[in-house]
Each structure stands twice: as C-alpha cells, then as structure tokens.
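If you want the building blocks of each chain, they are given just below.
2 protein chains.
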Amino acid sequence: MRALTAGVDFGGTSIKVGLVSRAGRVVARQQVASRDLGSPAQFVQGIGGLLEALARSQGLGARHLRGVGLGAPGPVDIGRGLIHSMVNVPSWHDVPLGRLLSRRLGCPVFVDNDANLVALGEWRFGAGRGASQLVCLTLGTGVGGGLILDGALYRGAGGAAGELGHIVVDPRGPRCGCGRRGCLEAHIGIAAILRLGRQALRKGAARLAKQVREHDGELSPRVISLAAAAGDTEARAIWAEVGRWLGAGLADIVNVLNPERIVIGGGVAGAWPWFSASALRVLRAEAMPAPERAVRVLRARLGNSAGIVGAAVLVWGKSGGR
Amino acid sequence: MRALTAGVDFGGTSIKVGLVSRAGRVVARQQVASRDLGSPAQFVQGIGGLLEALARSQGLGARHLRGVGLGAPGPVDIGRGLIHSMVNVPSWHDVPLGRLLSRRLGCPVFVDNDANLVALGEWRFGAGRGASQLVCLTLGTGVGGGLILDGALYRGAGGAAGELGHIVVDPRGPRCGCGRRGCLEAHIGIAAILRLGRQALRKGAARLAKQVREHDGELSPRVISLAAAAGDTEARAIWAEVGRWLGAGLADIVNVLNPERIVIGGGVAGAWPWFSASALRVLRAEAMPAPERAVRVLRARLGNSAGIVGAAVLVWGKSGGR
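As they're listed, the protein sequences go chains A and B.
Residue 1 is where the first sequence starts when you use this note's numbering, and the numbers rise one by one after that.
Residue 1 is where the second sequence starts when you use this note's numbering, and the numbers rise one by one after that.
Simulated from the structure, these hints should not be mistaken for lab results.
Note that CB positions come from ideal geometry on N, CA and C, so glycine has one too.
Any given hint might turn out to be false.
Examples of chain A residues lying across from chain B (beta carbon under 8 Å, computed) [stated by the list, open to error]:
1) Gly162
2) Glu163
3) Val169
4) Asp170
5) Pro174
6) Ala248
7) Asp252
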C-alpha cells in the first residue's frame with residue numbers, strides 16, 4: 001500500500017502543508033494564511049480539511065496517512081504535543097494541537113519546534129546529509145537553530161535547545177526582542193537588515209533606491225541582494241556586515257559544538273552568495289584551529305520545503321524507521 | 001576479586017594519579033611534577049611505576065588493574081590514544097600514550113581530554129549526578145568545558161567540542177591566547193583575574209595588599225578571596241566582575257544547549273561564594289525564559305579528584321558497565 005506522511009509548517013504568516021514520499025519528496029502541497037485559521041478549532045478543521053484534500057489529490061484517503069508532523073515556532077511541549085503560545089495569535093495558550101489534530105484525522109500527530117524540523121529535513125535529504133554533528137541555522141525574521149548531535153536531534157532538557165540567534169555577539173549591540181543586547185538575531189535578523197538598508201538609502205545608495213522603486217517602494221533582503229548584484233556598494237557592505245556578525249556567531253558555535261557541518265537556511269539564505277565570503281573569513285580566523293578544520297559550511301538545499309520534509313522525518317523517527 | 005581502576009590527570013604543572021573504587025572513591029593517590037617526566041618514555045616509566053606502587057599499597061599487583069583512564073589538556077585523538085601536543089612540553093608530538101602505557105602495564109588504557117573527564121566524574125559521582133544534560137565548566141588558567149548531552153559525553157566531530165572558554169563575551173575585550181578578542185577565558189582565566197588584582201592594588205586596596213604580604217608577596221585567586229572575606233571592596237568588585245562575565249557566557253551556553261544542570265569546577269571555583277551571586281543574576285536576566293527556568297547551577301563537588309574519578313568512569317564506559 002502506498003503510504004504518505006504529512007508535514008505541517010506552522011509559520012507566523014503562512015501555514016504550509018504537504019505530503020512527503022519516502023524519498024523525501026513533497027508530492028503535493030498547499031499553503032494558507034495563518035490569520036485565516038485564528039482559533040485552535042479553526043486550525044484543526046482547516047488543516048484537517050486541507051490534508052484530506054491533498055490525500056484525495058493523490059488518490060488516497062486520510063486513513064492512508066501514516067502520520068502527521070507539525071512544526072511550530074517557539075516553545076513546544078513535545079511529549080504532550082502542546083503549543084504553549086503563538087507570537088502572532090494571542091488567544092493560543094497551551095493548545096494540545098497534537099491530540100486535537102490526531103482525533104480529527106485518525107492518525108498519529110507529532111509536534112516539534114520548527115527549527116528542529118528544518119534541521120531534520122536538511123539532515124536526511126538536504127545539505128546536511130550524512131553528517132553526525134550538524135548545526136542548522138535558519139535566517140529570517142528570527143534566527144533559529146536546530147542541532148543534530150551524534151546522529152540524533154538534540155532538544156535539551158526542556159525542548160528549548162538551539163536558540164542560536166540568542167548568542168550575544170556584541171554586548172553593546174542593538175537591543176534584541178529577547179531583552180538582551182547584541183544577540184546574533186539583533187544583528188542579522190530581517191529587522192536589522194532592513195535597518196541597515198534604510199541607513200544605506202539615507203546615505204544615497206542609488207541602485208538600492210532604484211530597486212526599491214521597482215518593487216513598489218518595499219525594502220526587503222531580496223531587494224538589497226538585487227541592488228548588490230547591480231553593483232551597489234552600500235548594499236554589498238550591508239551583506240558584508242551581516243556576514244561578519246554571522247561569522248562571529250558561527251565561531252562560538254564551532255568552538256562549543258565542534259560540528260562536522262553547518263547548514264545555513266531560511267529566507268535570508270537566498271543572499272548567501274553576498275554574505276558567505278565575509279562569514280567564512282571571520283569563522284576561519286576566529287574559531288579554534290581543531291574544530292575550525294573539522295567544519296564545512298553549506299547553504300541549505302531544501303528551500304522552504306525543509307520544514308515539511310523534516311516534519312515527515314519526525315514522524316518516521318517516532319513510528320520506528322522509515 | 002577486587003578490581004581497581006586507575007585515573008591519570010595529566011596537567012600542565014602536575015600529574016595526579018589515583019586508584020578509584022567502584023563507588024567512585026579515590027582509595028590511593030600520588031602526584032608528581034610534570035617537568036620531572038619530560039619525555040614520553042620517562043612519562044611511561046614514571047607513571048607505570050607509580051601505578052604499580054599504588055596497586056601494591058592496596059595489596060594488589062598491576063595485573064589487578066582493570067584499566068587506566070588518562071586525561072590530557074588540549075586536543076587528543078581518542079580513537080588512537082594520541083596526545084597531539086603538550087603546551088608545556090615542546091618535544092611532544094603525536095605521542096601514542098595510550099598504546100605505550102598499555103604495553104607497560106598490560107591493561108587497557110583510554111585517553112581523553114581532561115575537561116571531558118572532569119565532566120564524567122562530576123556527572124557520575126559529583127554535583128552533576130542524575131542530569132541528562134550537563135555542562136561542566138572548569139575555571140583555572142584556562143577555561144574549559146565538558147558536555148554530557150542526552151546521557152552521554154559529547155565530543156563533537158573531532159573530539160574538540162566544549163571549548164566554552166572561547167565563546168566571545170565582548171568583541172572589544174582583551175586579546176585571548178587563542179588569538180580572538182574577548183573570549184570568556186580572556187575575561188575570567190587566572191591571568192585576567194590577576195590583572196584585575198594588580199589594578200586593585202594600584203588603586204590602593206589595603207586589605208588585598210595585606211593578604212599579598214602575608215602570602216610571600218604572591219597574588220592569587222585565593223588571596224583575592226581572602227581579601228574579599230576580610231571586607232576588601234576592590235577584591236569583592238573583582239569577583240563581581242568575574243561573575244558578570246561568567247553569567248554572560250552561561251547565558252549563551254544555556255540558550256544553545258538548554259542544559260538541566262551546570263557545574264562550575266576548577267581551582268577558581270573555590271571563590272564561588274564570591275562570584276556566584278553576580279553570575280546567577282546575569283544568567284537569570286539574560287538567558288531565554290524557557291531554558292533559564294530549566295537550569296540549575298551548582299559548584300563542583302569532587303574538587304581536584306574529578307579528573308581521576310572521571311578517568312575511571314571513562315574506563316568503565318569503554319569496557320562495558322562498571
């Protein structure tokens with residue numbers, strides 16, 4: 001019998017849902033705006049219906065689903081499948097999403113932190129394949145991390161490990177959302193990148209201004225990359241600065257964890273060609289010699305499917321083998 | 001038959017050797033100056049002889065030794081029992097100490113990094129007992145670390161994990177021995193503490209000056225603690241500063257690893273009552289809420305026996321059970 005596993009990637013702006021084959025391929029996918037599924041009951045009905053429709057599109061029923069993996073940002077109670085809170089949805093408190101969705105669909109549902117699932121996905125099917133010690137860094141609005149240590153996902157004592165965006169790279173740096181000063185996220189999260197972009201515009205970065213005009217006046221990491229590609233010096237300097245802070249954070253990570261591989265994912269990783277040189281230069285110069293020699297740094301391969309694929313990997317791990 | 005396991009703690013100034021009972025007790029011990037065993041051949045003869053003498057003191061022969069664990073500072077090739085280099089002994093290069101000592105004694109010898117063995121010792125018999133995720137920080141001339149993650153020693157891809165002293169806490173801070181600026185070790189290693197002590201003396205710290213005079217003119221962390229106990233404001237300020245930097249480093253560690261427990265050991269941990277308050281205050285204020293709530297920070301319990309006891313734990317783990 002054909003069996004498919006479903007992955008749900010529950011993000012702040014959109015919820016991505018997909019069916020994953022045993023080869024790690026997303027064979028069908030859908031996306032819905034997070035705000036359209038505001039309450040837990042709406043979420044369970046909406047996602048349940050979407051998954052059934054996806055299964056039907058493959059000539060299957062929901063009963064053919066082997067299981068569902070679900071990744072959510074922020075703290076998650078893995079054992080009980082609880083989502084403690086959703087930053088963008090104030091009404092969510094300790095929602096037993098795993099149980100609710102499992103009852104709706106009649107198959108097991110496993111819940112984990114979204115950055116952990118990205119790491120699982122890249123580890124099994126992406127740029128982290130074959131590594132026993134893998135650090136997966138996700139660059140976006142937040143800077144998150146997932147750790148594969150000695151061949152298994154490492155969650156820490158309470159499922160909160162891998163907050164790599166909250167390593168301080170400069171105690172005099174900008175205030176971070178977490179309350180601390182100078183976290184990696186406060187330097188290279190999207191808000192920080194856009195702040196650097198606005199500074200560059202004020203300094204008269206002409207090609208960057210042109211790109212902004214051509215994108216309905218919107219500044220974004222992608223627009224800054226396009227300006228860098230068009231030869232804008234200030235745009236290139238922004239990415240060089242992002243790379244330097246990233247490199248400093250990576251040096252700390254390499255000194256602590258001695259990973260075999262580091263994979264850089266998330267939306268901002270699209271600008272990897274623009275910030276990789278400065279990131280690697282700082283990492284190579286600053287990490288201790290032994291762990292520095294041991295590590296390779298690669299860009300993620302699964303793009304925005306990593307969370308869905310990783311959710312399926314989670315299910316396979318929980319239900320014994322693939 | 002009574003079986004004892006031997007531990008060797010190979011430090012920069014002294015080599016400690018002991019026999020460890022199955023209950024983790026050091027039943028006999030000896031110490032020799034590192035410089036007296038300069039060459040690898042001298043080391044093997046000297047340590048071999050010491051271990052035989054210790055066994056005899058217990059009414060046993062060397063053939064009753066179940067195995068020997070040996071901890072050395074710096075990078076170690078665990079699989080081949082190789083010591084790559086010894087900072088204080090320039091003639092050591094890739095010495096197969098495990099094999100040489102094993103041949104001399106006729107029992108298995110296992111080699112590992114000294115900070116890893118301290119962590120194993122505190123985990124099995126000290127302040128880390130029962131913790132599944134344990135970070136053991138060793139404060140001394142260097143600042144080292146050993147990691148127990150998900151119930152096993154974590155060594156990383158090349159045995160170099162846990163370089164916790166080389167997390168940068170201030171990129172504008174003092175130059176570190178590793179070449180980077182502002183590492184934790186550059187702020188709270190003994191050299192940094194003594195620098196703060198000399199500054200305090202220049203500022204006229206009277207009770208500190210008195211303690212120095214009473215200790216043959218020698219400034220040391222212990223002398224600074226005695227001055228703090230005698231009410232010296234500057235001495236107390238030194239420890240408060242050490243604690244603040246330590247707390248900042250601990251916050252990074254807690255955010256990355258979400259440990260259940262952190263154990264603070266090494267010679268400088270003797271001053272724990274003087275720097276714990278500021279360390280814990282900064283840790284509690286700066287770490288992310290979820291991992292912050294999950295962690296307890298304790299002073300190490302095994303003192304300078306931790307390395308010997310941990311070396312025995314290493315042997316038991318390698319040879320299957322205790």
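**Q.** Status of the Val169 of chain A interface restraint (C-beta, 8 Å, chain B)
**A.** 7 Å, holds
query = Can we keep the Glu163 of chain A interface hint, with Cβ of chain B closer than 8 Å?
reply = With a closest approach of 4 Å, the Glu163 of chain A hint holds.
| message | Under 8 Å is the threshold here; is the Cβ of Pro174 of chain A close enough to any Cβ of chain B for the hint to stand? | response | Because about 14 Å separates Pro174 of chain A from the closest Cβ in chain B, which is outside the 8 Å limit, the hint is violated.
| query | Does the interface hint hold: is Gly162 of chain A within less than 8 Å of chain B, judged Cβ to Cβ? | reply | Status holds, d = 7 Å.
Against chain B, with CB atoms and a cut of 8 Å, does the hint on Ala248 of chain A hold up? 7 Å, holds
> Holds or violated: Asp170 of chain A as interface residue toward chain B, Cβ cutoff 8 Å?
Replying inline: 6 Å, holds
* Mind checking the CB of Asp252 of chain A against every CB in chain B and telling me if the closest is under 8 Å? => Cβ of Asp252 of chain A sits 5 Å from chain B, so the hint holds.
The structure is inconsistent with hint 5 alone, although it conforms to all the rest.
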